[in-house]
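6 protein chains.
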Amino acid sequence: MLHKAAGSDGALDAKTKELMALAIGIAVRCDGCIAFHVHDALEAGATEDEIVDTIGVAIMMGGGPAVVYGSAALEALKQFQLDK
Amino acid sequence: MLHKAAGSDGALDAKTKELMALAIGIAVRCDGCIAFHVHDALEAGATEDEIVDTIGVAIMMGGGPAVVYGSAALEALKQFQLDK
Amino acid sequence: MLHKAAGSDGALDAKTKELMALAIGIAVRCDGCIAFHVHDALEAGATEDEIVDTIGVAIMMGGGPAVVYGSAALEALKQFQLDK
Amino acid sequence: MLHKAAGSDGALDAKTKELMALAIGIAVRCDGCIAFHVHDALEAGATEDEIVDTIGVAIMMGGGPAVVYGSAALEALKQFQLDK
Amino acid sequence: MLHKAAGSDGALDAKTKELMALAIGIAVRCDGCIAFHVHDALEAGATEDEIVDTIGVAIMMGGGPAVVYGSAALEALKQFQLDK
Amino acid sequence: MLHKAAGSDGALDAKTKELMALAIGIAVRCDGCIAFHVHDALEAGATEDEIVDTIGVAIMMGGGPAVVYGSAALEALKQFQLDK
Numbered sequence: 001m002l003h004k005a006a007g008s009d010g011a012l013d014a015k016t017k018e019l020m021a022l023a024i025g026i027a028v029r030c031d032g033c034i035a036f037h038v039h040d041a042l043e044a045g046a047t048e049d050e051i052v053d054t055i056g057v058a059i060m061m062g063g064g065p066a067v068v069y070g071s072a073a074l075e076a077l078k079q080f081q082l083d084k
Numbered sequence: 001m002l003h004k005a006a007g008s009d010g011a012l013d014a015k016t017k018e019l020m021a022l023a024i025g026i027a028v029r030c031d032g033c034i035a036f037h038v039h040d041a042l043e044a045g046a047t048e049d050e051i052v053d054t055i056g057v058a059i060m061m062g063g064g065p066a067v068v069y070g071s072a073a074l075e076a077l078k079q080f081q082l083d084k
Numbered sequence: 001m002l003h004k005a006a007g008s009d010g011a012l013d014a015k016t017k018e019l020m021a022l023a024i025g026i027a028v029r030c031d032g033c034i035a036f037h038v039h040d041a042l043e044a045g046a047t048e049d050e051i052v053d054t055i056g057v058a059i060m061m062g063g064g065p066a067v068v069y070g071s072a073a074l075e076a077l078k079q080f081q082l083d084k
Numbered sequence: 001m002l003h004k005a006a007g008s009d010g011a012l013d014a015k016t017k018e019l020m021a022l023a024i025g026i027a028v029r030c031d032g033c034i035a036f037h038v039h040d041a042l043e044a045g046a047t048e049d050e051i052v053d054t055i056g057v058a059i060m061m062g063g064g065p066a067v068v069y070g071s072a073a074l075e076a077l078k079q080f081q082l083d084k
Numbered sequence: 001m002l003h004k005a006a007g008s009d010g011a012l013d014a015k016t017k018e019l020m021a022l023a024i025g026i027a028v029r030c031d032g033c034i035a036f037h038v039h040d041a042l043e044a045g046a047t048e049d050e051i052v053d054t055i056g057v058a059i060m061m062g063g064g065p066a067v068v069y070g071s072a073a074l075e076a077l078k079q080f081q082l083d084k
Numbered sequence: 001m002l003h004k005a006a007g008s009d010g011a012l013d014a015k016t017k018e019l020m021a022l023a024i025g026i027a028v029r030c031d032g033c034i035a036f037h038v039h040d041a042l043e044a045g046a047t048e049d050e051i052v053d054t055i056g057v058a059i060m061m062g063g064g065p066a067v068v069y070g071s072a073a074l075e076a077l078k079q080f081q082l083d084k
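Protein sequences, first through last, are from chains A, B, C, D, E and F.
One point on numbering: in this note's numbering, the residue at position 65 of the first sequence is 65, and numbering is uninterrupted.
One point on numbering: in this note's numbering, the residue at position 18 of the second sequence is 18, and numbering is uninterrupted.
One point on numbering: in this note's numbering, the residue at position 5 of the third sequence is 5, and numbering is uninterrupted.
One point on numbering: in this note's numbering, the residue at position 77 of the fourth sequence is 77, and numbering is uninterrupted.
One point on numbering: in this note's numbering, the residue at position 82 of the fifth sequence is 82, and numbering is uninterrupted.
One point on numbering: in this note's numbering, the residue at position 22 of the sixth sequence is 22, and numbering is uninterrupted.
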């Protein structure tokens, strides 16, 4: 239910909230969160460019380590695009 | 310049990126980041409801401590609204 | 010696301190800590239900990422039970 | 409701769960969490020695910064004892 | 004794280890650590420029929040210089 | 470019800044940062003893989890020495 809340629309739509959760997952270096939220952001209609922008904000707030985890997000993005 | 990048439009607009930075600031318990990003999100056109939704995502990803720092964000929001 | 201190009884018994260390390991997303402290909590006499409760507290304090790392703790628990 | 869950008995009693939440609060450097959970741990029947032991586990898992936040917990403890 | 170890010379001298501890304190957003380690780095012979460089590494590894805590380190530095 | 800045000399030389970045990487539990910064510290002329001292400071500031990530740094160090 925790994640259900993030997946529904409010003042912010589900896509924006999923991208936000992804940004946090990268900034706090949560490996297991990244593929999960990249997947759900794509499901909610996020484009590749929006995910790249999200990684950019995460790096701005997370510094060097977020570069590492942002790369994992890009990797996950590529993987989900190949799987389609 | 770091923060300038977040403040300009790309695939995501400046408002969304500021809200994202706010969400991360709450989730990583950065006291000094919170007032700063609430301020800039309002400047970029964020509504009160969007900030509340942002706090919600931060709490989902940050747990109990994010409740504490989310309250600080609400406090900052109220303050900026009074100052107008 | 650092971990020896946690493993002996004081006002709190060794089991409680090991569970506490596990809760922190989950909340701070320390992959390598989790199997280690699940193992030592079991050694100190913790039951499955107590470990599950511990994961619950960690999720309450750690949010979404703690769900990921809490799952790793459950996985480790299952593994140690099979190994017996 | 999040904190209600921690406050009720399960495999672990309310006191142990409050002490666990305090240990996490110290280890993750959540200033606002510390007084809150020291208060609730005392309410749930924790002794001074149990809180000191909890701080010890938090320092073992949180290192130098946890010494700083552990001191804040001791300060809060002393304050609540004076207020009684 | 924990901090004593950092304060003595080994392969790295005391000054370098104090600056390192300061860098970590900034990167992990430990308010109470910052004045403490700026003080001890100065005691160990660190120059203003070395502290500024240290803050730079912390920002590189800690991102936006480290800008906030790095400013606190500069503030502490200025204070200790006035106090001399 | 972010990492280029850390790699050049200033008040602190490149080696010291790389060791500092390694210390932070361990303290914040960034798996992917560790091999990277051990490698670059060696490239910048760091000795094995200086890396071990760096791990010591990281453990002092990061506690138990830093023991786990410090071991990963030692492992990476050994690997790079074998590769030479």
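Certain hints may be false.
Below, in silico cross-link-like pairs of lysine-lysine (DSS-like), each with a Cα-Cα straight-line distance of 25 Å or less [stated by the list, open to error]: (1) Lys15(E) <-> Lys15(F); (2) Lys15(C) <-> Lys84(C); (3) Lys15(C) <-> Lys84(D).
Treat the hints as calculated values from the structure; they're not laboratory data.
Comparing the hints with the structure gives:
1. Lys15(E) <-> Lys15(F): It holds: about 15 Å lies between the C-alpha atoms, which stays within 25 Å.
2. Lys15(C) <-> Lys84(C): holds (19 Å)
3. Lys15(C) <-> Lys84(D): Between lysine 15(C) and lysine 84(D) the Cα gap is close to 31 Å, so the pair fails against 25 Å, i.e. violated.
Hint check: a violation occurs at hint 3 only; the rest are consistent with the structure.
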